[in-house]
Amino acid sequence: MSGQKLPGYRFPLAVISYAVWLYHRFTLSYRDVEELLLERGIAVTRESIRTWCIKFSDPFAQGLRHREPRRGSRWHLDEMCVDVGGVKHWLWRAVDEHGAVLDVLLQEQRDTEAARSFFHRLLEEYDVPEVIHTDKLRSDGAALREFPVLHSVEHVQIVSTARCNNLIEQSHRPTRRQEHQQRGFRSRQRAQGFLNLHARITNLHHPARSTVPARHRRHHQQTAFKTWQETVRQAA
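One gets the numbering used here by counting positions in the sequence shown from 1 and adding 1033 to each.
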């Protein structure tokens, strides 16, 4: 690989962005990425890859977010418990009716204040939805009542144990796999940075189902690769 050199970095941007993409696109460890790069003749340490992922996660995530298409008008919200440095946290996630991730937010609490913070982030980025699906967490309803713009929005509460909210439950699975691969997240800030980019790359390659004809799937992936390259060039 060759390409643009960044000040202070020995490897070109093409190598750095490829390593970051590999780590967030697939369930890989830094050691796995190191080996994949070595097979291509690129000798780089795991520590360098880790540093790249930390350094470039935010600009890449922001670049992808700005290039995403307009999202749907039905929000599905849920929270999952994750371990961060031995402390229980809650990962708040919202997806639209097509399964695209709208936002993720790692918080220590699962109360009304936490729900309010998450709704505030969503409303800053997206139009007011037509319907909001949540589980029966009372904090969601209490937070919704604090936003006048959401008073006319239909609020559908779903029994999470009934597996009726499959869109959001399936969206949690890649995060859980990454959590297991990393053996838990080490710090809240690092986990939030990782999850932001992980969600945007997941959106970029969504959907990639086997039921889609091969030519359509390849076209979709080629478009995703082009978008990623444009994001990398602008972020640099």
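Since the hints were made in silico from the structure, they are not lab data. Please note that a few of the clues may not be correct.
To be verified - 16 Å max Cα-Cα, derived EDC-like pairs, lysine to aspartate or glutamate:
1. Lys1259 x Glu1101
2. Lys1121 x Glu1101
3. Lys1088 x Glu1072
4. Lys1121 x Glu1187
5. Lys1038 x Asp1065
6. Lys1169 x Glu1202
7. Lys1169 x Glu1141
So, going through the hints one by one against the coordinates:
1. For the hint pairing Lys1259 with Glu1101, the CA-to-CA distance comes to about 13 Å; that is within 16 Å, so the pair holds.
2. At roughly 31 Å between alpha-carbon atoms, Lys1121 and Glu1101 are farther apart than 16 Å, so this suggested pair is violated.
3. For a cut-off of 16 Å, the pair hint linking Lys1088 to Glu1072 is broken: about 24 Å separates their Cα positions.
4. Among the hinted pairs, Lys1121 with Glu1187 is inconsistent with the structure: their alpha-carbon atoms are about 31 Å apart, more than 16 Å.
5. At most 16 Å may separate the alpha-carbon atoms for a hinted pair to count; Lys1038 and Asp1065 exceed this at roughly 24 Å.
6. A C-alpha spacing of about 15 Å is found between Lys1169 and Glu1202, which places the hinted pair at or below 16 Å, so the restraint holds.
7. About 19 Å separates the Cα atoms of Lys1169 and Glu1141, which puts this hinted pair outside 16 Å; it is violated.
In terms of the numbered hints stated before, the structure departs from hints 2, 3, 4, 5, 7, listed from lowest to highest.
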